[in-house]
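Given the sequences, and given the hints that come with them, work out the whole structure.
Taken in sequence, the protein lines are chains A and B. In terms of the working numbering, the first sequence is residues 15 to 271. In terms of the working numbering, the second sequence is residues 18 to 404.
One or more of the hints may lead you astray.
[As the list claims (entries may be wrong)] Pairwise CB distance ranges (calculated):
| id | chain 1 | residue 1 | chain 2 | residue 2 | range |
| --- | --- | --- | --- | --- | --- |
| 1 | B | A135 | A | S56 | 19 to 25 Å |
| 2 | B | S102 | A | K70 | 51 to 57 Å |
| 3 | A | C252 | B | T375 | 15 to 21 Å |
Read the hints as simulated data drawn from the structure, not as lab findings. Where a beta carbon is used, it is the ideal one built from N, C-alpha and C, also for glycine.
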Amino acid sequence: MNITGIGTVFTRGRGINNFETALIKGWVPPRQQSYSLLPDKSLPVYTVNKEDLVDKKLLKKTRRADKFSKMAVLAASDALTDSGLDADKIESTGIIVSTAFGPHATTFRFLDDIIDYGDGGVSPILFSNSVHNAAASYIASALNIHGPTLTLTQFKSSFHQALILAGLWIKQQRCDNVLVGSVDECGDVMKYICAERLEIAGDGKISPFRFSSVTQAVPGEGSVFFLVGKQARPEQYCKISSVITGNDLGAALLGQP
Amino acid sequence: MKIAITGIGIISAAGRGVKETLATFKSGSGNPGQVSGFSTDLSYPVFEVKNQYVPEHKDGMRTIRLALIAAEEAVTEAGLPDKLSSYRVGVCLGTTVASQLNDIDFYREYRISGTGPAEPVDRYLNGNLAESIARKLQADGPQMTVVNACSSGSDAIGVAAAWLKSGLCDIVIAGGADELNRVPFCGFGSLGILSASVCRPFDRERRGLNLGEGAGILVLESEDTARNRGIEPLLFLSGYGSAGDAYHLTAPHPEGAGLNVAIKSAMAEAGINPKDISFVNAHGTGTRENDKVEGSTLLKIFGPEIKFYSTKGFIGHTLGAAGGLEAAFTAMGLKESWIPASPGFKSVDDQIAISPVTKITPVKGSFALSTSLAFGGINSALIISLE
Numbered sequence: 015m016n017i018t019g020i021g022t023v024f025t026r027g028r029g030i031n032n033f034e035t036a037l038i039k040g041w042v043p044p045r046q047q048s049y050s051l052l053p054d055k056s057l058p059v060y061t062v063n064k065e066d067l068v069d070k071k072l073l074k075k076t077r078r079a080d081k082f083s084k085m086a087v088l089a090a091s092d093a094l095t096d097s098g099l100d101a102d103k104i105e106s107t108g109i110i111v112s113t114a115f116g117p118h119a120t121t122f123r124f125l126d127d128i129i130d131y132g133d134g135g136v137s138p139i140l141f142s143n144s145v146h147n148a149a150a151s152y153i154a155s156a157l158n159i160h161g162p163t164l165t166l167t168q169f170k171s172s173f174h175q176a177l178i179l180a181g182l183w184i185k186q187q188r189c190d191n192v193l194v195g196s197v198d199e200c201g202d203v204m205k206y207i208c209a210e211r212l213e214i215a216g217d218g219k220i221s222p223f224r225f226s227s228v229t230q231a232v233p234g235e236g237s238v239f240f241l242v243g244k245q246a247r248p249e250q251y252c253k254i255s256s257v258i259t260g261n262d263l264g265a266a267l268l269g270q271p
Numbered sequence: 018m019k020i021a022i023t024g025i026g027i028i029s030a031a032g033r034g035v036k037e038t039l040a041t042f043k044s045g046s047g048n049p050g051q052v053s054g055f056s057t058d059l060s061y062p063v064f065e066v067k068n069q070y071v072p073e074h075k076d077g078m079r080t081i082r083l084a085l086i087a088a089e090e091a092v093t094e095a096g097l098p099d100k101l102s103s104y105r106v107g108v109c110l111g112t113t114v115a116s117q118l119n120d121i122d123f124y125r126e127y128r129i130s131g132t133g134p135a136e137p138v139d140r141y142l143n144g145n146l147a148e149s150i151a152r153k154l155q156a157d158g159p160q161m162t163v164v165n166a167c168s169s170g171s172d173a174i175g176v177a178a179a180w181l182k183s184g185l186c187d188i189v190i191a192g193g194a195d196e197l198n199r200v201p202f203c204g205f206g207s208l209g210i211l212s213a214s215v216c217r218p219f220d221r222e223r224r225g226l227n228l229g230e231g232a233g234i235l236v237l238e239s240e241d242t243a244r245n246r247g248i249e250p251l252l253f254l255s256g257y258g259s260a261g262d263a264y265h266l267t268a269p270h271p272e273g274a275g276l277n278v279a280i281k282s283a284m285a286e287a288g289i290n291p292k293d294i295s296f297v298n299a300h301g302t303g304t305r306e307n308d309k310v311e312g313s314t315l316l317k318i319f320g321p322e323i324k325f326y327s328t329k330g331f332i333g334h335t336l337g338a339a340g341g342l343e344a345a346f347t348a349m350g351l352k353e354s355w356i357p358a359s360p361g362f363k364s365v366d367d368q369i370a371i372s373p374v375t376k377i378t379p380v381k382g383s384f385a386l387s388t389s390l391a392f393g394g395i396n397s398a399l400i401i402s403l404e
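As structure tokens, then:
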């Protein structure tokens, strides 16, 4: 399948051009951010700036969306625009969203409601947005896409599974194009979990080829979407020939590299 | 490629296993009660799985235990108990609750002290549904946890079919599982769609849904794989269709646009026409909007004589498990040549204009349809067949 469009929202902005610029300019340190109530608790995190999530064109369809869904909608919208896909081809487009943790920040806001106001005093809007496939729904309605839509969640290889499925949908003629992407946010509780469970690179520098038994990490958030299709286009980025995943059945997520 | 169903596993408020569930269906009514699994100040009836079937374990979510019970039943029926490692077995399961870190006690403590107990976090990080079931059954093929809200189970079965057709694996354990949980219970309550009495799908006086819990899991494989290992297929998965409404986060498209496309796409894949459908296992939640849209769409496609029913009056709305359970019920209907009454239905709603069956009804024919409508405007359809 061919990648004909890419959209991304990340710590240095929005769009493939900003991403390219960031790669050229090189490393910038993540912001040190506090989490939990304890004053001495902080860690470096690459977060997405709120200003980068403002889009007047898409605002009407996403005004009730949370950060998780907005990141996904903007990246998906940019991938579609970047691909130059004609409006009449959108009809045969599917959506696949992959995520590890889903809109957990909204889930915790919903739990705030339960704790503060009781079971009968909770917000229906928060609940609707806390459902994992809310982002896919916002993408569909904002971009007017009526094709098959699927959200999957996995802690390992979620984007790769999404790509495999996108390829199958195209090959098996379920649709001609698929907006396939990934989104995750790093809310307050997730920062706490990262700090507790990961070896955090205190200076914000990740050393990918350190060949240590303990990999130091810097948590981040963002979204990326590809518009993939069976039709090759002159301006396309590249082709994906094969995606292969493997399992480590003996290992639980924790305690195993 | 013909996709065979070689094993069925089910657990819900209607019972554990096919035999017990059929007995409940024959009785004509479900047995909802007040929530016993967690404390709440809401008093809507729910359909819980009997605790004797799901023993408490400190490590592991109830959803995973429900899924494992159903998966083991399906795998046993498929003749696979000790042979999983000999095949490339994928696991594709739908859920809603098991995808979320929504432990209220953990979060309450975190809010107070800035730290929380480790167990709920460990449970969550080790509790991805498909990964957990694959690990427990030593299934070494692809894994996917589908979180498409109320169509998760149907869509997981659709993904499984795509995997098999592509040769990605030989066998897939597919379906859905969900536990009754306080968070969606409060959430559905806030949306005003929980019924204070037993649900009445498609009835003029319907007042909303009752939540339930359970798991419905199929073993799927190519017909050749099944026959090569000496297993006679029970039934076949002949078609799957999915389409989005692109309309609203929580409400279905008023004209059933996505559902219409999903059903037609599933029938096209099965190579059949509306007249070939023997009966429909409808999503039929008992909410005003779902039933109006679904009933009207069934009428439009199949005409007024179509036989259809909703099992929500037996098991409640089991969210991520619903598609898996209802695919299993559809298969059971075809196999048994009868479908159950729709508990709770009494009078026709003029806005729907057709009625579900009100008593045990004999059915003939080779093809049956199961529909799912979900939050986010997702619509899915599965065609199950005898041949």
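Now the hints, each set against the structure:
1. A135/B <-> S56/A: 19 to 25 Å: holds (21 Å)
2. S102/B <-> K70/A: 51 to 57 Å: holds (56 Å)
3. C252/A <-> T375/B: 15 to 21 Å: violated (58 Å)
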